[in-house]
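Going down the list, the sequences are from chains E and Z.
Quick note on numbering: this note's numbering labels position 568 of the first sequence as 549, and the sequence is numbered without any gaps.
Quick note on numbering: this note's numbering labels position 146 of the second sequence as 156, and the sequence is numbered without any gaps.
No wet-lab data here; the hints were simulated from the structure.
This one's a predicted model, so the numbers in the text were calculated from it and none came from an experiment.
Hints may contain errors.
Stated by the list, open to error - Here are the computed distance ranges between Cβ atoms for each label pair:
{"id": "1", "chain 1": "Z", "residue 1": "Gly221", "chain 2": "E", "residue 2": "Leu(-4)", "range": "35 to 41 Å"}
{"id": "2", "chain 1": "Z", "residue 1": "Asp64", "chain 2": "E", "residue 2": "Asp151", "range": "51 to 57 Å"}
{"id": "3", "chain 1": "E", "residue 1": "Gln84", "chain 2": "Z", "residue 2": "Gly221", "range": "54 to 60 Å"}
{"id": "4", "chain 1": "Z", "residue 1": "Ile231", "chain 2": "E", "residue 2": "Lys288", "range": "57 to 63 Å"}
{"id": "5", "chain 1": "E", "residue 1": "Leu(-6)", "chain 2": "Z", "residue 2": "Trp99", "range": "29 to 35 Å"}
{"id": "6", "chain 1": "Z", "residue 1": "Thr270", "chain 2": "E", "residue 2": "Asn105", "range": "47 to 53 Å"}
{"id": "7", "chain 1": "Z", "residue 1": "Thr270", "chain 2": "E", "residue 2": "Ser95", "range": "43 to 49 Å"}
{"id": "8", "chain 1": "Z", "residue 1": "Gly221", "chain 2": "E", "residue 2": "Leu(-6)", "range": "25 to 31 Å"}
{"id": "9", "chain 1": "Z", "residue 1": "Ile223", "chain 2": "E", "residue 2": "Ile(-1)", "range": "24 to 30 Å"}
{"id": "10", "chain 1": "Z", "residue 1": "Trp99", "chain 2": "E", "residue 2": "Ile(-1)", "range": "34 to 40 Å"}
{"id": "11", "chain 1": "E", "residue 1": "Ile(-1)", "chain 2": "Z", "residue 2": "Ile231", "range": "24 to 30 Å"}
{"id": "12", "chain 1": "Z", "residue 1": "Val219", "chain 2": "E", "residue 2": "Tyr(-5)", "range": "22 to 28 Å"}
Unchecked claim - Just a sample of chain E residues kept apart from chain Z, beta carbon distances all over 10 Å, derived:
{"id": "13", "residue": "Ala23"}
{"id": "14", "residue": "Glu30"}
{"id": "15", "residue": "Lys55"}
{"id": "16", "residue": "Lys120"}
{"id": "17", "residue": "Gly283"}
{"id": "18", "residue": "Leu516"}
{"id": "19", "residue": "Ile537"}
What the hints assert, rightly or not - Within a straight-line C-alpha distance of at most 25 Å, the following computed SDA-like cross-link-like pairs (lysine to any residue) qualify:
{"id": "20", "chain 1": "Z", "residue 1": "Lys153", "chain 2": "E", "residue 2": "Ser(-16)"}
{"id": "21", "chain 1": "Z", "residue 1": "Lys158", "chain 2": "E", "residue 2": "Phe(-10)"}
{"id": "22", "chain 1": "E", "residue 1": "Lys(-13)", "chain 2": "Z", "residue 2": "Asp32"}
{"id": "23", "chain 1": "Z", "residue 1": "Lys158", "chain 2": "E", "residue 2": "Ser(-16)"}
{"id": "24", "chain 1": "E", "residue 1": "Lys(-13)", "chain 2": "Z", "residue 2": "Val162"}
{"id": "25", "chain 1": "E", "residue 1": "Lys103", "chain 2": "E", "residue 2": "Leu78"}
{"id": "26", "chain 1": "Z", "residue 1": "Lys165", "chain 2": "E", "residue 2": "Lys103"}
{"id": "27", "chain 1": "E", "residue 1": "Lys(-13)", "chain 2": "Z", "residue 2": "Arg92"}
{"id": "28", "chain 1": "E", "residue 1": "Lys(-13)", "chain 2": "Z", "residue 2": "Phe202"}
Even glycine gets a Cβ: it sits at the ideal position worked out from N, Cα and C.
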Amino acid sequence: MGSNIKIRFRILLYLLLIILIVIALRLYFLQVMSGNLYAELATQNITREKTVPASRGDIYDRNGKLLVKSVPVKAVAVQPYVVIDNEEVMGILSDRLDIPYSQLKEKLKKANVSYIERVIIKQNIDKAEMTYIEENSSKLPGVEVIDIYLRQYNYGVLASHILGHIGEIDETRLKSEEYKNNYEGGDLIGWGGVEEVYESILRGRKGKVIYEVDPLGRPVSVLDKTEPLKGSDLYLTIDIDLQRAVEEILYQSILEVRQKKISNTNEYYNVPGGAVVVLSADNGQILAMASYPTYSQELFTGGISKKDMDYLEDPENQYPQINRAVSPYPPGSIIKIVPAYAGLAEGLITESSRINCAGIWLGLGKDYPKKCWQSYGHGSLNLVGAIKNSCDIYFYNVGLALYNKNNNIDELLQKYLRIFGFGSLTGSGLPEEYSGRVPDKEWKEDYFKEQEGYNIWFPGDTVNMAIGQGDLLVTPLQMAQAFSIIANRGIKYTPHLCKEIIDSEGTVLTDESVVSFEDLNLNENFIGTIEKGLLEVLAPGGTGYSAFSDFPLSSISVAAKTGTAEFFGKQDYGWFASYAPAGNPEYVVVAMLEEGGSGGSNVGPLVKNIYKYLFDIK
Amino acid sequence: MRGKNLDTLNDYSKDKKILRFDFLLFFLVIAISSFGLLIIYSATRETMPGGVSDPAYYLKRQAIYLMVGVFLCIAIQFINYRAIKRYWWLFFAAGIFLLLSVLIFGFEVNGCKSWIDLKFTTLQPSEFSKIFMVISIAAIMSKWRSEKVCQVTFKKVAISLVIALSFMAFVLLEPDYGTALIYFCVYIGMLFLSGANFLYILLILGAAVGGVIFALNSGLIKQYQLDRILVFLKPDAQPTEGSGYSLYQSKLAIGSGGLTGKGLFLGKQTNLNYVPEHHTDFIFSVIGEELGFLGAIIIIIILGVIVWRCFYIASNSSDNFAMLLSSGVGLIILTQMTINIGMTIGIMPIIGIPLPFLSSGGSSLISIMIGIGLVENVSVWREVRKEHEIAYQDLK
């Protein structure tokens, strides 16, 4: 063998050595230098995490009657970014789950654009659908069957506005500070009512399973498991039997008023909607709260259909999802308790000071005559008489006096309206609640800033507001709170719906607002005077007399005020606010009928019937 | 280039061929193959590829192949390699026949028609033909009967090229580009060791490059096939499917093994079937994951020593045929281990070829055991000359 060959062998041996060294270096890089990184990547590669939904807390009424219950069902969830471009999977899903292809595509596209990782495409699937998806999981990447909890409503549509419903979390919420840390796409959350208010209490804590999967994503073994924790149960202040009675009375009254013609015309009252609030007078508990028209939360169970959604959103149907008890309306005369107190407190009137009502009032000058609702006038009236007869001219004077004091720099009427709780949320927590509106200089300047000359606060604005007209807006719940302030001689309770919270282990976690109240330090004598007037409202000659003529007022004295608010372009809105028994109040009842006409004659009977139920009078 | 120790040994071992049997090589081969059984068991006991129901199915099968291989390896020692040289054309014909029959009777796996079903087992002829090509090339490039001393002529190079090309052509028709590449590397290596002029080697290499470019341009090799092979050049490519997926999973397996590995039988990447072909082409991933850096280094050192031993025996052989035969087998092991291991760690193209001694599969193991048998044969049947003969030759 020549030396040439020897060299060639040596070259080959060097080559072998180089190859071994290169491989060794590469292995050193992969395993020793990047070992931890690859170990982490490998773990991510193999392990998956899945949340296990917790059963939502149940909802009971104040007497422990089960209103809303959690029921476990199966649902189909998909990962939009995996499924959306897979025509075959989309086809199978649309076909098997009976979802229109375009609708499915739309939903996934929307979720995909917002990087939502999981959406539920069908809730409450049947056995056949579940079996099919589970058996064909290898054909359906990104599709899974998950457990979810739906709601069962034991009392049907009763109290639907109070309870709210549950639905899939939407994109906005998923990205919001409040929700983003604890929720994932496809989660069912409370929408409206106490379901939303007490979401954090009802939801419980999700469980978690960490498991290993094979390359097809099939679970192989469970590494770690945390059991879900059922949400706390919620005991409402609502009495479901009373709620039923109130809803029925409201509905019947509306039907009756619709039979009536507006006086001197051929037109019937429309009464498209109405609301009633019943408060427990001495603690602010909401015993019943009704809003008409109503809707069934069951429409949302398992995902609402397009048809049902269209129904709920059609103006023809008066938006049944709106909770009218916490929506803003012009109050009309029932607001007069506030200027009455303001006038007394500011020393502008006394219990005995009298004003003559001639049916017409020229307090704003000859060019701006204002009328009383009673066109021939009430004659000479003191405050009690003015409340009893709901005399507008008496309160025009009060309003003007409040305006004139210190040139309206303090905006006194607004100040007292705010003291009585108007213009701000009551603290019930209901997401649907409006704060209403107490208009003032600042508001007007801003609201009419486009209209030169209109954006100045005129004395007439205060005068109008003193009889509940103009831009003032209040909710029935606010009105109930204001009347409870009178009933309690200046103690302002926060209206609330939660009586008790009991967690899954049986521990009672009482809600804070149960004892939430504020002493407004009002003058009891002034309130006493106002109450005298309110008691006179139902006495012979009072604006509510006819409605309560067959009610035993001698044993149960009812303090009340009627209101008939004018609404531009619509029929009058009728109000009736009250509490009973006066002196030792138990209940505050406020009712309002949209386009229901006179508060005294049309809304009064409704409230009377509620009192009959409350005091068990046949 | 005979070492001094061998000369002195020759005096004592004149007729004791058994002492000339290379026990180090044999021991290493048995050790690494037995270790291969363990790794194959680890790789298949959980996943049971191919839908078998016995966790030890691949272990048992591989053990039988190993026994057959060891038997053949020893049996070959009873034939003098010179007889093999004389009847080299028989092996050439057998190799071509095997490759031809696979084109006719073979069945496809992963788009390559490289398997023949023999009913009781399956056969991959290209594995055996590799050895037959080595025999044929060694015979052509060594001393012809017409020559006094061995010369590397143009004629020899040309004939060897025709032989190598005919083997490669059949393999390319399957088409099994990976195996063809091994054939080519082994041929070039043997040509190099035969002492052929560098010009010839450069010309052949140039022609090969030209051929590949032509195949690409003419569409014989599709772009996607090339992309699949060269995916290792793009380490950040989407590791969702195909060869990029295999590479990503393999790197995860090996990398996550760390310094000492996750322990035998405890490799999750492989046991959960994340690395495809983990008992065959990607067996090294299992080693890397379960035995870590230290285990992998031991394995490549053993493979390196085996290759070195083949070259050592070649360089101490009696004639050019023996030298080329033994180094040809060494080259097969060297190229396959380089490409296979390089593939699993992302520094070589993704080419489906087995890792010698370790990958599950009968054809690969048995043919490489035959190869080792031939190397041992070269050692055993080495010509033993007396001192005076050496002196006489030197005088000449």
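Practice task
Compare the structure with the hints numbered earlier in the document and write down the numbers of the violated ones, lowest to highest.
Solution key: 1, 13, 26
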